[in-house]
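2 protein chains.
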Amino acid sequence: MTIRSGAALALGLALLASVFPWLGGTAAAQGIGSRVFVVERASGSLAVYDLATRELLPKRIEGLGNLRHATMIFSPDLRYGFLATRSGQVSRIDLETLERAGEVFTSKNSIDNAISQDGRFIATAEYDPGGVTILDARTLEVVARHEAKFTRDGKELRSRVTGIVDAPGNRFVCVMMEGAEIWIIDASRPGFPIEHRIATPPNGMPYDAMITPDGRYYVVGHLESDRVSVLDLTRPKQGVKEVSLRDPAGKYERGAPVKLPHLASWAVAGRWIFVPLVGEDRLAVLDRATWRFERSIPLRGHPVYAVRSPTEREIWVSFSGEDDDRFVQVVDVESLSVEATIELAGRIYHMDFTPRGSHVLVSANRANKLLLVNAESHEIEDEETLQSPSGIFGVWRAFRIGL
Amino acid sequence: MTIRSGAALALGLALLASVFPWLGGTAAAQGIGSRVFVVERASGSLAVYDLATRELLPKRIEGLGNLRHATMIFSPDLRYGFLATRSGQVSRIDLETLERAGEVFTSKNSIDNAISQDGRFIATAEYDPGGVTILDARTLEVVARHEAKFTRDGKELRSRVTGIVDAPGNRFVCVMMEGAEIWIIDASRPGFPIEHRIATPPNGMPYDAMITPDGRYYVVGHLESDRVSVLDLTRPKQGVKEVSLRDPAGKYERGAPVKLPHLASWAVAGRWIFVPLVGEDRLAVLDRATWRFERSIPLRGHPVYAVRSPTEREIWVSFSGEDDDRFVQVVDVESLSVEATIELAGRIYHMDFTPRGSHVLVSANRANKLLLVNAESHEIEDEETLQSPSGIFGVWRAFRIGL
Chain A
1 MTIRSGAALA
11 LGLALLASVF
21 PWLGGTAAAQ
31 GIGSRVFVVE
41 RASGSLAVYD
51 LATRELLPKR
61 IEGLGNLRHA
71 TMIFSPDLRY
81 GFLATRSGQV
91 SRIDLETLER
101 AGEVFTSKNS
111 IDNAISQDGR
121 FIATAEYDPG
131 GVTILDARTL
141 EVVARHEAKF
151 TRDGKELRSR
161 VTGIVDAPGN
171 RFVCVMMEGA
181 EIWIIDASRP
191 GFPIEHRIAT
201 PPNGMPYDAM
211 ITPDGRYYVV
221 GHLESDRVSV
231 LDLTRPKQGV
241 KEVSLRDPAG
251 KYERGAPVKL
261 PHLASWAVAG
271 RWIFVPLVGE
281 DRLAVLDRAT
291 WRFERSIPLR
301 GHPVYAVRSP
311 TEREIWVSFS
321 GEDDDRFVQV
331 VDVESLSVEA
341 TIELAGRIYH
351 MDFTPRGSHV
361 LVSANRANKL
371 LLVNAESHEI
381 EDEETLQSPS
391 GIFGVWRAFR
401 IGL
Chain B
1001 MTIRSGAALA
1011 LGLALLASVF
1021 PWLGGTAAAQ
1031 GIGSRVFVVE
1041 RASGSLAVYD
1051 LATRELLPKR
1061 IEGLGNLRHA
1071 TMIFSPDLRY
1081 GFLATRSGQV
1091 SRIDLETLER
1101 AGEVFTSKNS
1111 IDNAISQDGR
1121 FIATAEYDPG
1131 GVTILDARTL
1141 EVVARHEAKF
1151 TRDGKELRSR
1161 VTGIVDAPGN
1171 RFVCVMMEGA
1181 EIWIIDASRP
1191 GFPIEHRIAT
1201 PPNGMPYDAM
1211 ITPDGRYYVV
1221 GHLESDRVSV
1231 LDLTRPKQGV
1241 KEVSLRDPAG
1251 KYERGAPVKL
1261 PHLASWAVAG
1271 RWIFVPLVGE
1281 DRLAVLDRAT
1291 WRFERSIPLR
1301 GHPVYAVRSP
1311 TEREIWVSFS
1321 GEDDDRFVQV
1331 VDVESLSVEA
1341 TIELAGRIYH
1351 MDFTPRGSHV
1361 LVSANRANKL
1371 LLVNAESHEI
1381 EDEETLQSPS
1391 GIFGVWRAFR
1401 IGL
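Chains A and B are the protein sequences, given in the same order.
Quick note: the first sequence, position 390, residue 390 per my numbering, numbers continuous.
So my numbering is basically just the index in the second sequence, starting at one, shifted up by 1000.
Derived by calculation from the structure, the hints in this document are not laboratory data.
It should be emphasised that the depicted structure is a prediction, and the values quoted were computed from it without experimental measurement.
Beta carbons are placed, not taken as given, at the ideal position from N, Cα and C, and that holds for glycine.
Be aware that one or more of the hints could be misleading.
[To be verified] Computed footprint of chain A on chain B, listed as stretches where at least three residues anywhere in the stretch have a Cβ under 8 Å from a Cβ of chain A:
no., segment
1, 1168-1176
2, 1209-1221
3, 1378-1392
[Said to hold, decoys possible] Simulated pairs of lysine to aspartate or glutamate, DMTMM-like, Cα-Cα distance not exceeding 20 Å:
no., chain 1, residue 1, chain 2, residue 2
4, B, K1237, B, E1181
5, B, K1369, B, E1343
6, B, K1059, B, D1128
7, A, K237, B, D1382
8, B, K1237, A, E376
9, B, K1237, A, E334
10, B, K1369, B, E1381
11, B, K1241, B, D1281
12, B, K1155, B, D1128
13, A, K237, B, E1376
14, A, K237, A, E195
15, A, K241, A, E224
Input sequences plus hints: build the corresponding full structure.
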């Protein structure tokens, strides 16, 4: 385990530039493939970082609503990004001009969005009123609404909906929180029917969900539970399987189970699934094929996000708490152990690998920094000042299942 | 096993359009994310297909040289594509305007190219004179040349070079054919040093190579051999491991071993590697972690390409020979057996899944067709007429390791 600081880098880069003059900035027009959108949470704006020139673009996109837990998706032709916000606003952003190109309010409070595999429809998961709204990606017209109604003790109630993702077969998948039901929606058929409704276990309200990068499994987290529900999307009629995240050795047992972190924080790499557990200083490792608990990996603090390298060779883990939240630990997928600890900057919120895995973009919220970290040397190669940066969304998400 | 023809599709689409009017073509400006370049081999031109509008763009790009085995790579910012040709010409194409934006001759005969992970350098593998040329992607200036010299029986000879790919750590990897040596080139250091030279076994000249999609293994095929050499790029000093593709049961044994197909035709999915074997009616299946031979999957004819779905759930296989070359067989990765046979059009050359796996683009060379096939229903949803179409290159290759 080594600890490195990114501090002494400037000299190295200066030396490199003197022998490698063409490594300097480029004056050429910018392509959209290297654009990365970063949520500035406090100001409700989006900053745009260009990975090719390693510069923030001068233009910020503003007036986007409440950007807590905002998620951004991209059309497959890379003309537009779509941002869903907590204030129920869906904003469309032109990826070329970086102007707002339309917005629509689908609810008073939305949590997530997804784009169909054919790029034609946007689905938004909503808290208030609870349901799913489907928009035409081109006209932004509402083409369908599914109210999240369910019956309990003879009463008809309304549920919040969360965890909406795109899935193979031009489907959307989401989960009713109070309704405790997974929906599979067919985005290729008129009316966008809910073709499967799959109950989740009665104990522990669903609060978030994720899809594995191969689009096969949909995983639902439950409040106050150390179990998750796993649905094999190739066999939806089999229903969910409950999977425990408890370490059978018991050494990490806690007094009271609490909320798990957002499931977008899970990392799938090689044969394994890596799960950061709130309030415990470990990652749980599950077998990707069987979902069996394999082991715990001890960490320096309480993990928040686990992010896989595109090489599937390592997992980068961020932490909560002022003593730990400026550190990242790098877990080796082969040995299932921590191979490095890197000190970066205060309150790391999000991390995202560049598409071929050479670098990691890191938002440090308290330090007001966006960092570009070399994935091999762990040196900070660029640093930009942003206002309370949070989510990081590169346009290449257009080409990934479930993002 | 089912046999379907794409013939009866028009009616289905017409019905769909009547209830789903927004499924029609869009008049909006086109984004570059859905552009797919298709080599027209006989005329030495590139056609451009737009996956979003499902139309060929009116502009063809011409004057590109001999496009046999031409490969196209894309800059990470999606400003440019780079095409290497058998006549030694590297052409740069502006992805927005679809105009040629510069060209350079690096040799009399080149075979392959690759772009460094940082997007700054293009490397070309050359037959004549044998070597590797490295270009600045921005200026197209030659920044380095490595002549492929080797010594045998006291004489200095020149080798052809092939199989150049980008690899993690901003490396290029390629192999000397006559020189029988793998090179790992560091594209981040001045002079682009060859940091590792790894000998391949003396018997059977290397003729092609591939890198696994996670960037970990570099695999070299040998002429007149049923073995391949596998190099673990995380441990280059350990040298290559020889792996047999022979079926130990012997039932597929052939009289004389011949050339394997191009290694770009191998598919890596789930726990397995699928290898089409020239002149045998089977796929060999190897274990991805150990490289052990697992089993043979019997096929309807002699396979050419095996292509994986992004879901890693199935492999599509094309065939050689007039009796078979209009068919594709779909292999299920879980059961390791053929689950469907699809009849498409004459002499299928290349297949490429769309990024999230919903469709497969297929070039049918004798039929002069580019087909868009639904990956789930196996229906042909669009069909375009091209001149002897061959390689298919979507811009999303910019975001994949080794492409």
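- Message: For a quick check of understanding: which of the numbered hints are violated here, in increasing order?
- Response: 3, 6, 7, 11
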